[in-house]
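Respectively, the protein sequence lines represent chains B and C.
The first sequence: position 263 = 263 (this note's numbering), numbered continuously.
The second sequence: position 244 = 1244 (this note's numbering), numbered continuously.
Quick caveat, the hints were computed from the structure, so don't treat them as lab data.
Hints are not guaranteed to be accurate.
To be verified - Computed list of chain C residues with no C-beta within reach of chain B, every gap over 12 Å:
#1 Asp1004
#2 Lys1078
#3 Asp1113
#4 Ala1128
#5 Asp1185
#6 Gly1214
#7 Leu1287
Said to hold, decoys possible - Cβ pair distances, simulated, as ranges:
#8 Lys78(B) x Pro1314(C): 43 to 49 Å
#9 Lys12(B) x Lys1284(C): 55 to 61 Å
#10 Trp83(B) x Lys1284(C): 35 to 41 Å
#11 Asp1087(C) x Asp339(B): 35 to 41 Å
#12 Pro1183(C) x Glu62(B): 32 to 38 Å
#13 Lys1288(C) x Asp5(B): 35 to 41 Å
Idealized CB from N, CA, C, for every residue including glycine.
Number of protein chains: 2
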Amino acid sequence: MRLDDKLSLRAKAMKCSEIRELLKLVANPDIISFAGGMPDPRLFPSKMIADITSEVLEKEPERALQYGPTEGDSQLRKKLAEWDGVDIDNILITTASQQGLDLVSKILIDPGDTIIVGYPTYLGGLQAFNCYDPEFIGVPLDDNGMRVDILEDKLVKLSRDKKLPKFIYIVPDFQNPKGVTMPPDRRKRVLELAIKYDLLILSDTPYRPLRYSGEPCPNFFHLEGGMERVITLFTFSKILCPGFRLGYIIGPAAIINKLVIAKQGTDLCTPSFNQAIVREIIKKNKLKEHIKTLVSAYREKRDRMLNGLEKYMPKIEGLQWTIPDGGLFLWVTLPEKMDANIMFNKAVKNKIAYVVGSAFYYDGGCRNTMRLNFSFPTLEEIDEGMKRLGMVVGEEAKNLMIKV
Amino acid sequence: MRLDDKLSLRAKAMKCSEIRELLKLVANPDIISFAGGMPDPRLFPSKMIADITSEVLEKEPERALQYGPTEGDSQLRKKLAEWDGVDIDNILITTASQQGLDLVSKILIDPGDTIIVGYPTYLGGLQAFNCYDPEFIGVPLDDNGMRVDILEDKLVKLSRDKKLPKFIYIVPDFQNPKGVTMPPDRRKRVLELAIKYDLLILSDTPYRPLRYSGEPCPNFFHLEGGMERVITLFTFSKILCPGFRLGYIIGPAAIINKLVIAKQGTDLCTPSFNQAIVREIIKKNKLKEHIKTLVSAYREKRDRMLNGLEKYMPKIEGLQWTIPDGGLFLWVTLPEKMDANIMFNKAVKNKIAYVVGSAFYYDGGCRNTMRLNFSFPTLEEIDEGMKRLGMVVGEEAKNLMIKV
Chain B
1 MRLDDKLSLR
11 AKAMKCSEIR
21 ELLKLVANPD
31 IISFAGGMPD
41 PRLFPSKMIA
51 DITSEVLEKE
61 PERALQYGPT
71 EGDSQLRKKL
81 AEWDGVDIDN
91 ILITTASQQG
101 LDLVSKILID
111 PGDTIIVGYP
121 TYLGGLQAFN
131 CYDPEFIGVP
141 LDDNGMRVDI
151 LEDKLVKLSR
161 DKKLPKFIYI
171 VPDFQNPKGV
181 TMPPDRRKRV
191 LELAIKYDLL
201 ILSDTPYRPL
211 RYSGEPCPNF
221 FHLEGGMERV
231 ITLFTFSKIL
241 CPGFRLGYII
251 GPAAIINKLV
261 IAKQGTDLCT
271 PSFNQAIVRE
281 IIKKNKLKEH
291 IKTLVSAYRE
301 KRDRMLNGLE
311 KYMPKIEGLQ
321 WTIPDGGLFL
331 WVTLPEKMDA
341 NIMFNKAVKN
351 KIAYVVGSAF
361 YYDGGCRNTM
371 RLNFSFPTLE
381 EIDEGMKRLG
391 MVVGEEAKNL
401 MIKV
Chain C
1001 MRLDDKLSLR
1011 AKAMKCSEIR
1021 ELLKLVANPD
1031 IISFAGGMPD
1041 PRLFPSKMIA
1051 DITSEVLEKE
1061 PERALQYGPT
1071 EGDSQLRKKL
1081 AEWDGVDIDN
1091 ILITTASQQG
1101 LDLVSKILID
1111 PGDTIIVGYP
1121 TYLGGLQAFN
1131 CYDPEFIGVP
1141 LDDNGMRVDI
1151 LEDKLVKLSR
1161 DKKLPKFIYI
1171 VPDFQNPKGV
1181 TMPPDRRKRV
1191 LELAIKYDLL
1201 ILSDTPYRPL
1211 RYSGEPCPNF
1221 FHLEGGMERV
1231 ITLFTFSKIL
1241 CPGFRLGYII
1251 GPAAIINKLV
1261 IAKQGTDLCT
1271 PSFNQAIVRE
1281 IIKKNKLKEH
1291 IKTLVSAYRE
1301 KRDRMLNGLE
1311 KYMPKIEGLQ
1321 WTIPDGGLFL
1331 WVTLPEKMDA
1341 NIMFNKAVKN
1351 KIAYVVGSAF
1361 YYDGGCRNTM
1371 RLNFSFPTLE
1381 EIDEGMKRLG
1391 MVVGEEAKNL
1401 MIKV
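So that you can see chain B by itself, here it is in the shape it has in the complex (with noise of 0.2 Å):
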């Protein structure tokens, strides 16, 4: 049998994402990696789930155990309503929400609609939407997020193609992979675009409450005329565990209700097991105590690995690098001669891995970027691989002669 005669053009449009292959390389133990996205496991509160979970078994295993609801158990989106001061029409619990990319493109984008995407943007993004295959229009960022001055302009210019995009995709807080923040004033301009041009804003915001520094800033549903425009994802992965694949999307009442549709025939709901557990977690207030725990111990790993790059990186004009207010990421950014690609298998012999910027631009473009993340590190480790990694590009920028 000939599989190419029988997979589907977007099957056949699929790759093996580079990061994978590159992560691979990343399975040696002696290797620090910044590499990943990944929470510190060190800091899961197990016991505590042990304990919530004896009792969920306990008190209620029919439940539990059985098929819930597509739309998720009531109890926990009316909890999650409450907290976000919406409505529990407006909720739609998601396996985590890559689902939520997932159902979002599937109810919304058709083969060549536009979307706008930040250039770079989160790479698990680009694939969810990559499989119903729009046509990609980039907007760069700068230390305040997407320039809203180039989406006008591009908005401008759709707009006479009539090719305007379905969505706008932000991640608005610590984004990733450049770990910048959105201010208030340029969201609600970016919200003000969308209105003018009857667009929808899908916001995501895994990393949102894991805030080091700086004043939180509005999401863009709380903002006036947003709450009929703007869908929402939000996921337990980083602030509680991504092994329960648990996340939730807010978005308008009749978006949320197609949604629900799309996602019957996608895995009929979410697992009701974890999802008892993370309501009863969050009944007793056990979710925001553990918040806090994460913001000082990842506090402390950003500060170390900004500390790291003063101290380890060669002085060399070009190089610089983002100073996230919150997250799990921040970006450097090399000389435009060098090329994180190819650096990457000296860093890796190195023993210090971090993922190409590259990855992160629907184009490939961009070469001379990286991302380095700084939860899943210990803080040894982060010095250690800062000293690594400072080397690596110093001997780099020496053998490309640019002056250190």
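Use these hints to put chain C onto chain B, whose structure you have.
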């Protein structure tokens, strides 16, 4: 905002499932429901699950609560590979088998592709496929499953029209909704046709281990030439609990490979937590033990429902039912004049519910049929429910002047 301007064509075509709407009527606790397809929650092994969950959270919290590989927990895959006599590369863990249906559709179906389905077949299969806009070709079933003579006729014609299907979707064991099983000879014939016309087979086997009478039939992939063209879906929903949303796919390695890439964009990975628990349950040999309990309890329920049909159904020409060797369902065919959809409201008034058979036909055909579930109700409910249903059918027949 006009939502319709934003939706994808597939979302515009999505309709709230008729079953879902009907089932809302059944929420009243006075109603005895033979609708739905849920396992008996009183049989969930919650104590065993609680013990093993505690152990997992104590022994391997960092692994059970973290992201896992998209392919699934490697130890679980290894165990399942041994179990089914295949290679680990032939196995992908899924977020239950509904996700298997979605992923397979994603990598195989282009709009307008034909696929062959049972007439009737599993509603969730139709829903999953529908999102990818195929053309359905229905093949009727007799007491031995899909009619292979009609299948052959259709393939001859489709081949002539150069519209050969991407795959044949079959539920070979205790089919949903009819409860019928395809014997070994017919399986061989179906596979021979698949080989002759170079087609894939999608074999969906959620009920397979729940056999109450007769001899087990071979899986398609164990037949000669099966391994390279059969994709088989398994789930733990009916043999352990649906609340974990855990299943797996066995298929050719090249197809598994594409499914892995599709799954990455869909939900990154299946919950590591749920996988670790089920892996330990299997390792400790607790699952096969539990299946024995289920088989003996469900056999009794099946027999009770069959007795009820004999006892309470009016003796009218054209009224018949299937006698399933396993699974959760049996299928009642009413005289052609009768309409189970119209009768449904009367049934609900009499506090008894079923699923209208027409829901399982991609074109809504055969309204004189209904599916009855015997796994969920208690033995007493089955007795009382059959009495009520017999009365409703008898009265309806009388109203339609059918000789009783």
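Unmet hints by their number, sorted upward, for this structure: 1, 3, 4 and 9
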